[in-house]
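Protein sequences appear in the order of chains E and X. Using numbering that gives the first Met the number 0, read the first sequence as starting at 0 and increasing by one per residue. Using numbering that gives the first Met the number 0, read the second sequence as starting at 0 and increasing by one per residue.
Don't take every hint at face value.
What the hints assert, rightly or not - Some chain E residues judged to face chain X by a derived CB distance under 10 Å, without partners named:
| no. | residue |
| --- | --- |
| 1 | Leu-128 |
| 2 | Thr-173 |
| 3 | Pro-228 |
These are calculated hints, taken from the structure and not from any lab test. Being a predicted model, the structure only gives us computed values, none of them experimental. C-beta atoms are modelled at their ideal positions from N, C-alpha and C, and glycine is treated no differently.
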Amino acid sequence: MSDKVSPIEALPPASRAYGEIGAVSADPRWVMVVDQERCIGCWSCCVICKSENDVPDGMWWNRINTVGDGLDTPYEEQGRLAMHWLPLACQHCENPACTRVCPVSATYSREDGLVMQDSQRCIGCRYCLVACPYGVRQFNWGRPERPVPFDTGMVAPRPLGTMEKCTMCVHRITDGQVPSCVWSCPGQARIFGDLNDPDSKVSRLIRDRGGYQLLEERGTDPHVYYLPPRRKRGLEP
Amino acid sequence: MTVTRRQFLKGVGAAAGAAAVTGVLGGAAETVLAGRDDPLRSLPVDRVVRTTCSPNCTGSCGQLAFVRDGNIVKVQQAADYPDKSYNPRGCMKGISYHLLVHGPDRIKTPLVRDGDRGSGKFREATWEEELDRIASEFKRIGAAWGWDSIHVFGQVPGSGYIQKGANYRACTALGMTHGTSFDFNGDLPMGMPITFGVQNAEHESKDWANSRFILAVGANPLETRIPDAHFIEDALEKGARLVVVDPTFSSTASKADAWIKIKPGTDAVLGLALCRRVMEAGKADWDFMRTYTDAALLVRADTHKRLRADELAPGQALDPGPATGIGLGGYGKKALPAGTAPEVPGAVAPAADAPPPPRFVVWDTASQKPVIVGTERLGIPAGVDAALEGTFTLTLADGSQVQATPGFALVKAEVDAWTPEKAAEITGIPAEDIVRLADAYAAERPAAIIMGGGSNHWYHGDLNGRALALLASLTGNVGRSGGGFSVYVGQYKVRVDTSPWWNIGDHKAKVVPSVYFVRGRTETMNKNVPYPKNGFKALFCTFANMFIQGMDVNRLHQTLDGCELVVVMDHQMTDTVGYADIVLPATTWYEKTDLTATPLHPFLQIQQPALPPVGQARSELWVWQEIIKRIDPAIFDASFDMTEEQAIQAILEKGGGKGGPTEGITLEQLKAGPVRLKVPDPDVAFVRQIDELLPFPPRSLPAPLAATAAFIPTRRIEFYKEDDRFIELGETVPTYKPPHDDSVHDPAKYPIALLSPHSKWRIHSSYANVAWLNEITGGRAPVLLAPETAAERGIAEGDLVELSNTRGKVRAWAHITKAAAPGTATLFEGWWSRQLGGGKSVNELTSSEVNPIHEIQFVANMWAPSTGWKDCRCEVTRV
Ligand code: SF4
Ligand code: SF4
C-alpha cells in the first residue's frame, strides 16, 4: 500500500484556503446558519454528506424537505403557489433530547456544543431515535450497503445495529475546515462559524436576518439557525 | 495505517492560523490523534486530483477527486476559482460522479453484438478485434458509398476540446461527416445569428449579480444552472427584482417577485407587447436604436430589400465619408475619433478582387436628404437626424423613383399591433400584468433578460428570441453589465481557437446538421450543407445517448436501420449502447486529459486523470489513433502521432498572441487550476461594439469572422431581415407565429402541449442512473399534470399514463400538481427507458421538423436548423 496522506493536507492550496474556518474565539460555539432564501433545494449538501461520511444506501444524515406538496412541488396559499426548502440534519441542540435518554452515553454533548454519536458504545436501543423531535437520527437496520463495491468517504462506516447521524463533520473541524455541506453548497446558503464571536458572520446573520431555530418552543436550543425566505415584491412599482 | 500524528499536526498548522488551532483543537488535541477509526480525523487517501466536470450542462465545474486504493472515494468541488464569487461551483450530480466511474452500469470491456441489433445481447471482445473490424468496415463502406456516408456524432465539443476535437480531426483526415449538437439540440438560439450575427453571446453568470431586474423567460436556472443560480440571489439581496415567465411553476418561479404564467409557445407575443408598452410609455432609448441597430436604414417599398447606396442616382445622397458614425446620447464613449475605422478583432483583409462592402442609406430629417452610412463602424454621422419613420422618395441610378422607409417603421408597425389586450388573448396573461411588467422592466437599468430552453426550443424559437432582443435593445440594455439579452442553453461555446487541433492545415471536417441524419435532406436544405451523396451508411456515436435522446427518435431509428455499421463509444450501458454493433469502452473525464471552457464562466480548465482507465476503457484520441493506424499509417504519422498535451499546447499557442484569448496562459498554470481567459471582466456580450462602435458581430469561434458577419450585411443589430425567405414567409420583422406542431397535430385531437424540460436531477440522460439521486427522486419518471387536465381524463395521482401522438408514445406516472398549466403535460427529458412505464423516451413524440428560415444560411452550429423539442402536441390517457 502506498503512503497515504490526510485528505485535508492533500488539498491544493486554493481549495484548502476556501475551506478554512478561519480565526475563532478562544471558546468557540459552533453553529450552522442555513439561509432559506439562498437555498435552491439542490441536495448537494445531502449528497456530499453521504459521500463524506460514507452514509449507506437508503440513509441520509442530511436531507431537503420541500415546504410544499412533495418533492419540489409547490403548495397553494391564498390563491398563489409558493415553495421553499428546509434542509434538515441533526440540530446539535444545546439541550438535546437524545443524550438524556441514551442509557450508555453513546450520544453526548461536547464542550463546544456539538452532539456526538459513539458507534462503539451504541447498543442499538433506539431510544434516541424516538426522543429526537427532528427525526434526523438514522439506524443501521441491516448491513450497510452502497452503490460501489468499496467504502467511500472520509470516515469509517458504522456497524449494523448502531445509530448514526450528522457529526457536523467534526473530523474536518478538527483540521480547521468547514463541514462538507458548507463547502459544497452551490447556493452559498450554509454558513458555519462561532456564535461566541459576536462579530462572526453567523452571529451577524442571525441578528440581522431574523435567524430562527426549529421547534424553538421545545427548549432544545439548536445550534442550527435558519434565515427565512424574503418577502416577494410582486410587480408593484 | 501510515498517517503519523506529526503529519496531521503539520496539516493543521498549515490550514489555520495559530488562534484557530488553539480554538479548534483546544485541550482535545492530545486525545484525538489516534488511529484509523478515530472519529475525529479524516481517513487518509492516496491523492487528491484537481480536474473538471464537464457533461453537457454548461457547468465545467472544477472538481477534486479523492483517490484511495485505486478508487475515487469522494468527488468534491475544487472551489479554487481565483474569482471567489464563483466558488464552490458544482452540483449534486457532479459530486456523485464516482458512482458512475465505479458503478454497476460502467462498461469495462469492448463488446460485440451477439444477437439482433437492439436486442442488447453482446459478447466480450478484444480491442484488437474491434479496431480491426472498424477499420476494415470503414474502408469497405468508404469505398462503396463514399467516406462522407460515415457519420460521427458526439455531444458536445465545448465540453472537451481535445477528445471531442479528436472526432473532428479524424473526420478531417478521413473525409467522414461530423454531426452537430448545438443546433441539433435546439439550443442554437436562432434569434441570435439573425439579429446579432453571432452563434450566441451572453453575459458570464457572475454578471447577473449586477442586475437591477432579471426577466427569466422559459428559463429555470435554479434547476438547470445550479452552480450559477446564486448570482441571482446576490442580485436580489442587493434589491433587484426577479420575474419568471414560464407556463410551469418552477423552482426559479418560487424565488421570483412575480411568476407570469404564459401559454406555451407564445413568448414572442409577450415580447412584442412589452416592446409596444415600452415605446408607448416613452421609455424607448432611440439613441441606442439609431447608433447600434438597423432602425434608421432605409428599406425599399418595391423589393422589401434594404436600399444600397450604389443603387441611388449619383450625387443624390450626402456622403460624409468612411467611418464617420458617432455614438448618440453618450454611447460609444471609448470610440476612436470620427473618421477612424476601428480595428476589428479577427477580421481578415478582403481579397483584392472582392467587391467593396455594401453601404446603406438613412434619411436625415434635418437636411431632408438621404445620407450614406457604411459598415466600418457603428453610429450615425454627426448632425444627422436619422428618421425612424416616414416614407421617402428617392431617385435610383436609372432615373426611376422608389419609395423607401426606415426599417424600424416596419418593425414598429408590427409591434404596434400587439396591444396588451390582444397579447392577453394569446398568452393568457392578464393585460394589466403585461403593462405592469413592461413598466417595471423599463424602470430599472441595467435589466437582464435570461432566455432559456423553454423559450428557445420551438420551431419558431427564433421569433421568441428576436422579440426579446428587440426589448433589450429598445431599453438600451445590450452590451451593458447587469443587462443584456442572454440565452443560456447548450455547452456550445468554443472559447479558444481550436483550429490547430480540429483542422489539419486548411482542411476542416465536413459538418452536417444532425437533424438531417434523423430525417434525411429537406427540400429547402442549404446548398452548402455537405449532405452525403449516398446518405448515411455508418455511424460512430460517442458520448451521446442519441438513440433515445435525439428528437423524433422513431424516425431516427429508420436511418439507423439503413446503417451497415453502428459503433457506440460510452462508459455507461445506456439505451443507445443497446443498439450498437460494436461497443467501445470509454474513459470518463476522471481517467483522461482534456481542455474545456463554458459560456457561463470564462475560465479555461483542463481535465487530468485521477485514475488509470477503469477496466479496458480508452479515450477518443487513442481510439482514433488506433483506427487510423489501421486505415492508413501515413495519416497517423502525419496528423495523429501526438498527445493530448501537445494538442493543448497547439491551441494555447494559436490564441496566445497579443490580445488573444489565451495570451499568457500556460499548460503548467492549467494543471494547477482554472485560469481566466483574456476577456473583459465581467464578460459582457457586445461590450466592445457598444463602447467602441466596433461593427457587429464579434467573432464566433472557431468560425472565421466573415462566415457569421454574412448573417448581418449591415454589420448592425438587425431587426429587419431582407433575405427572400424572410420576405416569403412574412418574417422580415420580429413577429409571432403559432406553435408549428399545431399544424401537424390538430389541437382538437391532440389537446395537450407536451413539455419536456431539462431536469435538475440529470444532465439530459447523464446521471439518470446515479443511485443516490434516484433515492431522492424515486428513480421513475413522473408526468406533471394540472388537476383539471387529470380530472378530465380520470387520472389519479400515481396512475400510469400514456402520452401519444402520430410520432410515438411513452408511458410514465401521473403527478398531479397546480405547478403544471392546464392543457400541458410535463415529462422531464432524460429518463432512461428502464425508468419509464414503456417506450424509448419522451422523444418518441418530439418533432424534427425543420424551419426553412434556419436554412437560409449555413454555418454548422451557428446558422443551422435548430430543433423545437417543446413544440409538440399529444394526448394523455390513463393506461
Ligand atoms: S446545497 Fe445549499 S442550496 Fe443546495 S439544498 Fe443544500 S443548503 Fe440548499
Ligand atoms: S454536472 Fe455540471 S453543474 Fe454539476 S458539477 Fe458537473 S459541470 Fe458542474
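Restraint check, 10 Å cut-off on beta carbons, for E:Thr-173 near chain X = The hint holds - E:Thr-173 has a Cβ within 10 Å of chain X, the shortest such distance being about 5 Å.
Minimum Cβ distance from E:Leu-128 to chain X below 10 Å?
-> Violated - the Cβ of E:Leu-128 stays beyond 10 Å from chain X, reaching only about 19 Å at its closest.
Report holds or violated for the interface hint on E:Pro-228, using the least CB-CB distance to chain X and a cut-off of 10 Å.
-> Given a least distance of 8 Å, the restraint on E:Pro-228 holds.
Comparing the model with each earlier hint shows a violation of hint 1 alone; every other hint is respected.
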